[in-house]
Structures are given as structure tokens and as C-alpha cells.
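J.: Chains as they are written, first to last, in the numbering used here: chain A, 148 to 256; chain B, 148 to 256; chain C, 148 to 256.
Please keep in mind that the hints were generated in silico from the structure rather than gathered at the bench.
Incorrect hints may have been included.
[As the list claims (entries may be wrong)] Take a look, some chain A residues computed to stay more than 10 Å from chain C by CB distance:
{"hint": "1", "residue": "Asp157"}
{"hint": "2", "residue": "Asn165"}
{"hint": "3", "residue": "Leu177"}
{"hint": "4", "residue": "Ser179"}
{"hint": "5", "residue": "Arg208"}
{"hint": "6", "residue": "Ser213"}
{"hint": "7", "residue": "Glu215"}
{"hint": "8", "residue": "Leu217"}
{"hint": "9", "residue": "Ile218"}
{"hint": "10", "residue": "Tyr234"}
{"hint": "11", "residue": "Thr244"}
{"hint": "12", "residue": "Ala252"}
{"hint": "13", "residue": "His255"}
[Said to hold, decoys possible] Listed next, with one range per pair, are the computed distances between beta-carbon atoms:
{"hint": "14", "chain 1": "C", "residue 1": "Val236", "chain 2": "B", "residue 2": "Glu237", "range": "50 to 58 Å"}
{"hint": "15", "chain 1": "A", "residue 1": "Arg208", "chain 2": "B", "residue 2": "Glu202", "range": "23 to 31 Å"}
{"hint": "16", "chain 1": "C", "residue 1": "Glu202", "chain 2": "A", "residue 2": "Glu237", "range": "31 to 39 Å"}
{"hint": "17", "chain 1": "B", "residue 1": "Arg199", "chain 2": "C", "residue 2": "Val238", "range": "46 to 54 Å"}
{"hint": "18", "chain 1": "B", "residue 1": "Arg173", "chain 2": "A", "residue 2": "Glu251", "range": "17 to 25 Å"}
{"hint": "19", "chain 1": "C", "residue 1": "Asp157", "chain 2": "B", "residue 2": "Asp157", "range": "36 to 44 Å"}
{"hint": "20", "chain 1": "A", "residue 1": "Lys162", "chain 2": "B", "residue 2": "Gly187", "range": "38 to 46 Å"}
{"hint": "21", "chain 1": "C", "residue 1": "Gln158", "chain 2": "A", "residue 2": "Glu237", "range": "25 to 33 Å"}
Glycine included, C-beta positions come from ideal geometry on N, C-alpha and C.
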Amino acid sequence: MKLIIAVVQDQDSHKLMNALVRENFRATKLASTGGFLRVGNTTFLIGVEDERVEEALEVIRKNCESREQLISPLPPLGGHAESYVPYPVEVQVGGATVFVLPVEAFHHF
Amino acid sequence: MKLIIAVVQDQDSHKLMNALVRENFRATKLASTGGFLRVGNTTFLIGVEDERVEEALEVIRKNCESREQLISPLPPLGGHAESYVPYPVEVQVGGATVFVLPVEAFHHF
Amino acid sequence: MKLIIAVVQDQDSHKLMNALVRENFRATKLASTGGFLRVGNTTFLIGVEDERVEEALEVIRKNCESREQLISPLPPLGGHAESYVPYPVEVQVGGATVFVLPVEAFHHF
Ligand code: NI
Ligand code: NI
Ligand code: NI
């Protein structure tokens, strides 16, 4: 048994939980803030049998991997028009910081 | 020293914290949601001397063990009366998912 | 790689996060309540290379160490005047409970 602690961006959190449940992994979510990733993030605790660790990491990678996304900035409501970019820009989204921890004992009561 | 991470149902969380304090264990609670247990849950971090791990697990088991409870469903306020069950039903409550982690160093500043 | 889990008082949490970022450590914060420390607390997860563990512990100690602080109690708004202490009193603030955990694998996606 291993305990995977994964810090992911909020925007990927729902998708990841659904994917974990679909693949029969059991996870709990902790509200977390800042730090590893700049924007709002969620910390997952995932208890995994040794032989399924790679599979769990793959689910996290697929759903949370850092990628570029085109976003169209909203026009400014007033002022600061000089810094307004009227075309889509690429921003970095997603990303996951993942720790695999050894577990000495696991119990389910 | 071990770190026990225990995910328990919200309804058992207050009782468990009181029992841990009474037995002189030191714990902190993290707000957590969904996953290991279907309903709202709380994640406990409990720092424990090696020789008291079994005792701590017993406190968790006693206060959080999965059990059946009789509940009397409330009559429906309107509509869906066809699915109303007018007698108490047994539901599964409680339960704890517990990881015992090795600790390389412990400090109290 | 180690995972440092540090439970600190809320009042030191902002200062600690700033100090960690300044020293190029990466941390995430979890909202936590009660237990190890009597007042509101915050749990930090800090991923650290083996050779920087002592340095990270020193940042935590410097910013969170338990210390005495003089506070001037506010006069009571009404009633209980008999228990009002009209001079500054020393109270214990700060403190940190810190676990250093072994990490079997670390990934950044
Ligand atoms: Ni944030
Ligand atoms: Ni929930
Ligand atoms: Ni508190």
C-alpha cells in the first residue's frame, strides 16, 4: 500500500476525482491554497495498492498535466485600456505535484 | 514516531477528537470532502509514539467503526409520497480509512 | 526528497509562507483546526530535497517558534470587571509541530 499525495489545480480537481472513481481508486480531497501551483489548488489523498501505483500516476498525469490554453482576455471595463490585448493569448494551466509515500499499515474500520 | 492519517465521517469527528485528547493523543483536523467515504468527512493527522500506535488505532476503531443505524425517514413535504417509507430503515454510518506512515524526524519548535 | 508536514499557528502562517518562497521552497497550505496547537492552525506540505531538509526546518523554527508575547487585555464592555487585568500579560504564542516523511517517488506533471 502507498499513499499518493497529489496537489492539483482546482480546475482539474473535479475531472480527476471522476477519473479516479471510474478506475476504482479511492481518494479524499483536502482544500488547499497557493504554493506549489500559483492558482487555487486541491490536495488529493489516494490510497493505492503497490501494483496500481503507476496506473494511478497515469490517471493523474492524463487529467492534470501542465498544458497551454488559449484564452481571450475580456475587454477592460474602464481605464487600463492601454494594457488590453484584443487577441487570444496562451496561458499555462494545470500541473500536478505528486508525492508517493510508503505506508506501514493500512486499516479500514 | 508514526504519523497516522485517518479519514472519518464528519458525524464521528467531534467524538473522535474528544477521545484522542482524553487519551493524551495530539491531533489536528483537516477539512476534507468525498472520496473514501461517501458523505462529508474529516481527515485527522495524529502524531504517535511507536509504542502507542495500536492504542491510537483502537481509539479510532471504537469511535468511528462502520455500523448500522436505524433512522426514521421524514414524511415528504409534497409529492414523491409513493417512495415514502413510513418505518425506520437501517443505514450504514461511520467507518474510517487509516494510514500509518513512517516518520524520519519529528520536531516541536 | 522528503515531505515536511508542519502544523503552525494561523498568525505565523503568512510569514512562514513568505519566508519559504523567499528561500525557494515550494509549499502548499491546508486549512486545519485545533489539536496540536490550541488556536487556529495551518498545515504546510513542503516538498524538500534531502540536502535542504535542515535548512527548511530552520526556516520553520525561525518563523514559528513558540515564544512569549506581552498583550494588553481589552477592558470588559460590561460585567465580569472583577476578572479584568489592567496591565499587559505574557501569553505563549506560536509553536510548530513538524513531521519529516520519507518519499518513495516524486513527480511533477
Ligand atoms: Ni491558492
Ligand atoms: Ni464529502
Ligand atoms: Ni483551531
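J.: Could you work out which earlier hints the structure fails to respect and list their numbers in ascending sequence?
T.: 3, 4, 5, 6, 11, 15, 17, 19, 20, 21
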